[in-house]
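Taken in sequence, the protein lines are chains A and B.
The opening residue of the first sequence carries number 0 in numbering that gives the first Met the number 0; numbering runs sequentially from there.
The opening residue of the second sequence carries number 0 in numbering that gives the first Met the number 0; numbering runs sequentially from there.
Check the hints yourself; a few may be wrong.
To be verified - Pulled from the structure, derived: some chain A residues nowhere near chain B, Cβ distances all over 10 Å:
no.: 1; residue: Gln182
no.: 2; residue: Gly200
no.: 3; residue: Leu205
no.: 4; residue: Ala247
no.: 5; residue: Leu249
no.: 6; residue: Ile252
no.: 7; residue: Arg310
no.: 8; residue: Gly334
no.: 9; residue: Leu338
no.: 10; residue: Val350
no.: 11; residue: Gly353
Unchecked claim - Here are the simulated EDC-like cross-link-like pairs (lysine to aspartate or glutamate), alpha carbons at most 20 Å apart as the crow flies:
no.: 12; chain 1: B; residue 1: Lys16; chain 2: B; residue 2: Glu67
no.: 13; chain 1: A; residue 1: Lys41; chain 2: B; residue 2: Asp45
no.: 14; chain 1: B; residue 1: Lys190; chain 2: B; residue 2: Asp141
no.: 15; chain 1: A; residue 1: Lys40; chain 2: B; residue 2: Glu155
no.: 16; chain 1: B; residue 1: Lys85; chain 2: A; residue 2: Glu290
no.: 17; chain 1: B; residue 1: Lys137; chain 2: B; residue 2: Glu67
no.: 18; chain 1: B; residue 1: Lys15; chain 2: B; residue 2: Asp28
no.: 19; chain 1: A; residue 1: Lys244; chain 2: B; residue 2: Asp28
no.: 20; chain 1: B; residue 1: Lys124; chain 2: B; residue 2: Asp141
no.: 21; chain 1: A; residue 1: Lys244; chain 2: B; residue 2: Glu155
no.: 22; chain 1: A; residue 1: Lys360; chain 2: B; residue 2: Asp71
no.: 23; chain 1: B; residue 1: Lys85; chain 2: A; residue 2: Glu201
no.: 24; chain 1: B; residue 1: Lys16; chain 2: B; residue 2: Asp28
Source of the hints: derived by calculation from the structure; they are not laboratory data.
Even glycine gets a Cβ: it sits at the ideal position worked out from N, Cα and C.
Each chain, letter by letter, is given below.
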Amino acid sequence: MNKISDDISKDLKDQPKFTTDIGEKDQDHHSFDLGEQTTLKKIQHFLHGNPTIVPVIILILSVIAFGFIAGGKFFSAFNLSLIVQQVTIVGILAAAQTLIILTAGIDLSVAAMMVLASVFMGKLSVEMGIPTLPAILVGMISGVATGAFNGLLVTRLRLPPFIVTLGTWNIFFALVIFFTGSQSIRSSDIEVNAPLLHFWGERINLGGFVFTYGAFLMIGIFIFLWFLLNRTAWGRHVYAIGDDKEAAELSGIRTDRMLVSIYAVAGFVVAIGAWVSIGRVGSVSPTSFYEGNLDSITAVVIGGTSLFGGRGTIIGSLFGALIVGVFSSGLSIAGLDVLWQRFALGCLIIVAVGIDQWIRKVSN
Amino acid sequence: MDKEGVKLMDPVLVAKKLSKKYGKVVALDNADLELYPGEVLGVIGDNGAGKSTLIKALCGAVIPDSGEIQLDGNKVSFTSPIEARKLGIETVYQNLALSPALSITDNMFLGREIRQKGFMGKILKFLDQKAMAEEARKRLSDLGLLTIQNINQLVETLSGGQRQGVAVARATSFGTKVVIMDEPTAALGVKESRRVLELIGEVRSRGIPIILISHNMPHVFEVADRIHVHRLGTRLCVIDPKKYEMSDAVAFMTGAKEPPQN
Ligand SMILES: Nc1ncnc2c1ncn2[C@@H]1O[C@H](COP(=O)(O)OP(=O)(O)OP(=O)(O)O)[C@@H](O)[C@H]1O
Ligand SMILES: [Mg+2]
């Protein structure tokens, strides 16, 4: 998992030695001497090459800080595993969101997409008596289709992703209300008719740490996407498109097709999240996860992925989600009001984006 | 086709009456172009004459409003650069078209990645990063254009000249049919420009024709077999660099002198 960042830090170490053949007398305007840089510049370069470091440091610092503030209760196995459970859904949404943000887009509709998929799963299996697996499949298809729909609107109409997904967020939400008539599907009904929907909510106890299957699935999704992004051509193309779409097109990438496929993959991940969310919440509620869209963006941004695209790591978003979880848990154990959790998160977002801007200046 | 040198062979690449408008701006106005086997065709013209638009139409980056393109006598209509690339047309774009946040290797192989063998590659579609890095290093050092210590260095950490070197290396080492270069020496030092000119000679000796756009008259006159003068979106004339002075070429290009009839 750290192979790449190792590679990069090796690169950085190599750089001062880096010499070129390019005209000695042109050296003054071609050279980029890393040797004589200030410490601050070195830090900037290091963070630029290792974007995941910032969220890791923030995570470690916040765990230590909340350990002090909130005391031993925070460090209990129960609480730490509770944090992981609580970030499962936002984590999965953030994984999908990372794909979109890496392309310099943004998806305001992920949570609505997820609820819509979970409505299909619940409605079909609980109320219409369809076997659970096919119902889940329909939910997955709904996720891929709604994702691809976003992608098609972005590429065909050439509208900014922000506007497209602002629209589809409302559309998907309206569909959820339409299909459910604003009624929740009760947990007890699901347990009787389609217990498989609760599968990812099952818990196992590992020496005091209680994890849901869903938490493992979330980790699995991140690992899978890491491989996809870093070890396949598809993944390289995600970065290339976010970095410079025109250059990507000229270098032989079908950027529009790629974008649709990226949105569709994000939709698929979201649909997995839909299944997990039923296990997590118990019921299928049309109004749940209303803040999921923004929470997922928060996790991605705190995780060091640039809103301008092309830069960031999927693992960073996992740390981003965990940071959000640690903050909420720590602040509430410390007895602070929810409003201060929001306040702290707000500050964190601004700091994260500020750091990102600063790091990005390296390339100029 | 012209008195500047009888061409016995059929052209590899032909553009006929290509037109392209951007709103009210006419970038191409019934422009023609012929590229013959094994030749270096210089393309010169003022800023904004439409040279880049012309070659972008030839490599699929711009879709012309009207006109026709023929490759080896067959009509082609590219809707994307990848189609032209699949037919062996490689281009160094004026803006280089590199992805700064990706490595040199990633950029060299963008859109034509090498996969691992067997299950890992075929089913999981894993990239063979080692093979790509080795290949990229080999291609770059073969070209002698730049020595790179770390082939996995990000392109954004390279100087302008080094980036241009990567773009030239990418096009010349993958081009099998036609290589197009739009201002390939603009950011290069004297030594590297020289190397690019040599490289153009090497590509030509492989039998691959080249279109070279440049504002640098000595370069164009040194390597071009024929020079296409572009003016106001169309071809003004084609001249033989052995029969004209650079000052003539500049005079045609700027409209100070009537072009020869051909
Ligand atoms: N994408 C575009 N949108 C609008 N106008 C364009 C676009 N591309 C080119 N043009 C216009 O078309 C004309 C020809 O541009 P082009 O880039 O082909 O010129 P050029 O001969 O390559 O110039 P230079 O020598 O400066 O590179 C210019 O007037 C330019 O402004
Ligand atoms: Mg140009």
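Hints that the structure is at odds with (numbers, increasing): Numbers 4, 5, 6, 7, 13, 16, 17, 19, 20, 22, 23 - these are the hints that the structure violates, sorted from lowest upward.
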